[in-house]
Amino acid sequence: MLFNSFEYALFLPIVFILYWFVTNKNLKAQNLLLLVVSYVFYGWWDWRFLSLIAFSSLVDYIAGLKIEHSDKRSTRRLFLTISLLTNLGFLGVFKYFNFFSQSLADGFGQLGYTLHPLTLDVVLPVGISFYTFQTMSYSIDVYRKKLEPTKDIIAFFAYVSFFPQLVAGPIERATNLLPQFQKKRVFTYEQGATGMRQILWGLFKKMVIADNCAVMVDQIFDNYESLPGSVLIMGSIYFALQIYGDFSGYSDIAIGTARLFGFNLMTNFRTPYFSRDMAEFWRRWHISLSTWFRDYLYIPLGGSRVNTKHAIRNTFIIFIVSGFWHGANWTFIAWGAINAIYFIPLLLTGYNRKNVGTVAENRHLPSPKEIIQMGLTFALTCIAWVFFRAENITEAYSYLSNIISHSFLPDNFYYFHPKFIFIIGVLLMLEWFVFRHDDAFERINNTTTWLRKPVYIALTCITIVFMVVEAQSFIYFQF
Amino acid sequence: MKKFLLKLLINILIVATVVLALKVISTYKSHRILRNLIKDHKVLIMGDSHAQAGFNPSLIKGAINIAHYDESYLFSYYKLKKISRYNNNIETIILSFSYHNLSGYFEEFNNERFSSSAISYLSYLDTEGLLAFSGNDYFKMIKMYFHKVRHDISKLLLLKNGRHSSLEDIEPWGGFHISNRNNLETPVLNKAILKHYHSPQQFSINQIKYLNKIVKYCHESNIDLILVHTPKHYKYKECVTEDFKIEYNNTINSFFNKVTFIDGLNYELTNSDFGDFDHLNSSGANIFTSHLIKINTKLFEN
Numbered sequence: 001m002l003f004n005s006f007e008y009a010l011f012l013p014i015v016f017i018l019y020w021f022v023t024n025k026n027l028k029a030q031n032l033l034l035l036v037v038s039y040v041f042y043g044w045w046d047w048r049f050l051s052l053i054a055f056s057s058l059v060d061y062i063a064g065l066k067i068e069h070s071d072k073r074s075t076r077r078l079f080l081t082i083s084l085l086t087n088l089g090f091l092g093v094f095k096y097f098n099f100f101s102q103s104l105a106d107g108f109g110q111l112g113y114t115l116h117p118l119t120l121d122v123v124l125p126v127g128i129s130f131y132t133f134q135t136m137s138y139s140i141d142v143y144r145k146k147l148e149p150t151k152d153i154i155a156f157f158a159y160v161s162f163f164p165q166l167v168a169g170p171i172e173r174a175t176n177l178l179p180q181f182q183k184k185r186v187f188t189y190e191q192g193a194t195g196m197r198q199i200l201w202g203l204f205k206k207m208v209i210a211d212n213c214a215v216m217v218d219q220i221f222d223n224y225e226s227l228p229g230s231v232l233i234m235g236s237i238y239f240a241l242q243i244y245g246d247f248s249g250y251s252d253i254a255i256g257t258a259r260l261f262g263f264n265l266m267t268n269f270r271t272p273y274f275s276r277d278m279a280e281f282w283r284r285w286h287i288s289l290s291t292w293f294r295d296y297l298y299i300p301l302g303g304s305r306v307n308t309k310h311a312i313r314n315t316f317i318i319f320i321v322s323g324f325w326h327g328a329n330w331t332f333i334a335w336g337a338i339n340a341i342y343f344i345p346l347l348l349t350g351y352n353r354k355n356v357g358t359v360a361e362n363r364h365l366p367s368p369k370e371i372i373q374m375g376l377t378f379a380l381t382c383i384a385w386v387f388f389r390a391e392n393i394t395e396a397y398s399y400l401s402n403i404i405s406h407s408f409l410p411d412n413f414y415y416f417h418p419k420f421i422f423i424i425g426v427l428l429m430l431e432w433f434v435f436r437h438d439d440a441f442e443r444i445n446n447t448t449t450w451l452r453k454p455v456y457i458a459l460t461c462i463t464i465v466f467m468v469v470e471a472q473s474f475i476y477f478q479f
Numbered sequence: 001m002k003k004f005l006l007k008l009l010i011n012i013l014i015v016a017t018v019v020l021a022l023k024v025i026s027t028y029k030s031h032r033i034l035r036n037l038i039k040d041h042k043v044l045i046m047g048d049s050h051a052q053a054g055f056n057p058s059l060i061k062g063a064i065n066i067a068h069y070d071e072s073y074l075f076s077y078y079k080l081k082k083i084s085r086y087n088n089n090i091e092t093i094i095l096s097f098s099y100h101n102l103s104g105y106f107e108e109f110n111n112e113r114f115s116s117s118a119i120s121y122l123s124y125l126d127t128e129g130l131l132a133f134s135g136n137d138y139f140k141m142i143k144m145y146f147h148k149v150r151h152d153i154s155k156l157l158l159l160k161n162g163r164h165s166s167l168e169d170i171e172p173w174g175g176f177h178i179s180n181r182n183n184l185e186t187p188v189l190n191k192a193i194l195k196h197y198h199s200p201q202q203f204s205i206n207q208i209k210y211l212n213k214i215v216k217y218c219h220e221s222n223i224d225l226i227l228v229h230t231p232k233h234y235k236y237k238e239c240v241t242e243d244f245k246i247e248y249n250n251t252i253n254s255f256f257n258k259v260t261f262i263d264g265l266n267y268e269l270t271n272s273d274f275g276d277f278d279h280l281n282s283s284g285a286n287i288f289t290s291h292l293i294k295i296n297t298k299l300f301e302n
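Order-wise, the sequence lines are chains A and B.
Sequence positions in the first sequence follow my numbering and run 1 to 479.
Sequence positions in the second sequence follow my numbering and run 1 to 302.
Bound conformation, chain B alone:
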């Protein structure tokens, strides 16, 4: 038994050493890429797919779009905190904030099903973030940390073309979604409405909590935060329930003086500018981004 346990321990130590070494290399490389990608940008575009599809960063001076589909504010918050460590010159953050961002479906990030798709985000989380993500469950947090290490290593070894051309290779970096999609069929609308407004839990506590944290963080760091309600197709707007509209307005009002709010919900676009009922396509994104520049000339001079 002694021999068995001793050999087992030695093998575990060897594997742990190899894993640790790979983790160190992976962390070093991802830091280097992140620093290079972020260092020259003063405007960050963040949020979920609505921001990813809605803002063309090339039209805004010094901007980079790092929004990522399905990204909850919890991840946006820790993403912002991590990026801030590499770039002290961030002046403005444009964050998408629409009715659906209050939806309880974002709450699902805490359950096992969602965490499998969100696991790659763990790279952005520090210990506090991991604990928050695991719902203050230390056991789950240890599991998550193991997954984070494993994820970092595997991504390092599985880089596309063996080069670090993009941070997306390592972390869910996001980016402007160039698309000519134009799908305005009824099932697409029904699917979006069902997902956004009919989840078992109506409102997400964590979305509001972490949106507040982002607001507070930006306020304390002297970063201008602009919340933008991106344009939606009129058929989509008709399906949003009153409860969401009320909760949305209350949330906006609670940020009085701390954020700039741009309501693009009713900004007029043609059918051909929508990717689907709640996302813009590239044409819509160009028009809407130009509109933002017009009403915020100080901030968005190109």
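Isolated chain A, as found in the complex:
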């Protein structure tokens, strides 16, 4: 079920009513309801894959208890390994098997040996990378004694499958989300109102920005061999906005929906395109994944507190693994490597933590220096996105080289339609003046109703008028 679908528009109010008016007296009943509706939500795509989530949840539930009850390090490690192998095994089979098999055959092909790769005819279960990472964090945290395992199997299963963030995050840590399933939730007006606002903002980003840009992106990337340089540049900018609108829009709807049910999910995006350098960009983009890799991979490898050689190695590992997490294709690996190359100079010069605050804090407009910094960072990001979007490395390279080799000016302004200037303008204005601030929703709450209400209504009408009609799937579902 898609957040931007008609089905979801009916599903959400029904669940809301059942949750707050029928099961509200009993915490277990509320959790059971969330579990059932989450499975319905996921099963809407393909009910067969529910068995994967259920199995993964069961293994991690048992592993958590076994790890807790054992004092022996070897036993604890054994159950952690079982948990990790189960989750990574699912990922390996469903997501990466064909890639490795094909790459192996290609590698032998380069050496002159012909191998017929063994491939599996399986569909990638929606959101598998998200919920497997979420459950793995539980087992690792229990193993590290950062978290006490829960005995409440309903709460645990509901935590793994919580429908707002099940298929595209944020990837919640058990330390944050699981305790919320174990205590009574209370509905407050502020939380409900903020939730609705965030859902509206997410729908605008998804249905207006991402879906409209997607139309242009598809046309430009399909015809990149014949289009002028300026249009190719626009193509990469449109894709940058598409993927941002798509993914951050999903996160906003997820966080807003969770708020309606009394849950607080972590922030996943903090206006990343207003970053002044690539390190800041990565602190603001897909935060739940970046911090996951930081805590469970980068720091265990030694992080940046090692010699230069190892720091560079660790940076490459985390970015390449992050790229590979997105998909089994060399383009994602290249995308990760490019970001590592962007990041390493900042790390080595100690500039990676230079821009930690919000840009132009306490000012309405950025300084010329900040504008240049943001522009350069955005340009670097767009170059990397070309690899993310392209079908293969060759196509990405050709796309970028065509920007320079082709004539620059277009014959017409089809790809610079005023509609895009308007909707992107609305996005940038609201992002800059409202959502750039960490306390954006508090600021909105404190604004007078006579300013807020017209903005909501205008945003809703803009969404209705400019949205792409048929519900488009979210890009990140494939990861």
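It is worth saying that the hints were derived from the structure and are not from the lab.
It is possible that some hints are incorrect.
Unchecked claim - Heads up, incomplete: computed chain A residues facing chain B, CB under 10 Å, no partners named: (1) MET1; (2) THR23; (3) ALA193; (4) PHE324; (5) TRP325; (6) ILE457.
Note that the Cβ used here is the ideal one computed from N, Cα and C, for glycine as well.
Got chain A sorted already, so can you dock chain B onto it with the hints?
Leaving out everything else, chain B in the frame of chain A:
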């Protein structure tokens, strides 16, 4: 909770009121344009891209070409019904009818993939049409209606140059396709044949059903319906399967006495008159339209 639900309801009502107001304005404007565009025409040229490219309306007295590429007979039927409400003087309808119009690929209008491109047609559909389009699925029909409203409003606000110069700005009106294209390369032929005659479902039930409805509607409304098989390149004709030819002839025979049929399939044209293997270009359209006038002098006096 009470405060939350109350405020939510108020906001929904405000948005609904704004949307409704825009819908009313949009409907009024589109009606006005439609009335102005259609009022003086006695001959309508309808159908899909074959009619769009095949008939030059300027050569036929009182004619307007409102054929639109990929248009199924379901949409043609509701388009005709809607137009008839604004113009009681329609005397003749020229409707393209070729082998491929029976193809199962038209059936795809009922699935999600096709409906995304056909969504703009919803403006032509009344409640009965919406229900038919959604395959008698009420839930889908409500969805479609929402899309129809949204589409009407968005088109109103996004009119080219802010003027209502053409109905195409609001609805898929179609029109004569002026083109000097002349692409007779083999991949173009293969693509057309694959699309027309090798879809998963061989024949379209709905195409035949709605063609019958058009025939019936014209018969009851005293409108002369002329079905025209537009010329095709000989290479294209060679690729049409026997099944289609048989089904086509059976369909034509079933309309005995109710329609006029003009078989232009074998009308001789040179390679330079074809846009591709199954469409005419402007040169071919001029020649073929003149031919129609010759054999129907009563109807097509210029």
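Taking the hints in turn, this is what the structure says about them:
At its closest, the beta carbon of A/MET1 sits 14 Å from a beta carbon of chain B; the interface hint therefore is violated under the 10 Å criterion. For A/THR23, the interface hint is violated, the least distance from its beta-carbon to any beta-carbon of chain B being 14 Å, above 10 Å. Taking 10 Å as the C-beta cut-off, the interface hint given for A/ALA193 holds, the closest approach to chain B being about 7 Å. The beta carbon of A/PHE324 comes no nearer than 31 Å to any beta carbon in chain B, farther than 10 Å, and the hint placing it at the interface is violated.
Of the supplied interface hints, the one on A/TRP325 is violated, with its beta-carbon coming no nearer than about 30 Å to a beta-carbon of chain B, more than 10 Å. Hint status for A/ILE457 relative to chain B: holds, with the closest Cβ pair at about 6 Å, below 10 Å.
Checked against the numbered hints above, the structure violates hints 1, 2, 4 and 5; every other hint is satisfied.
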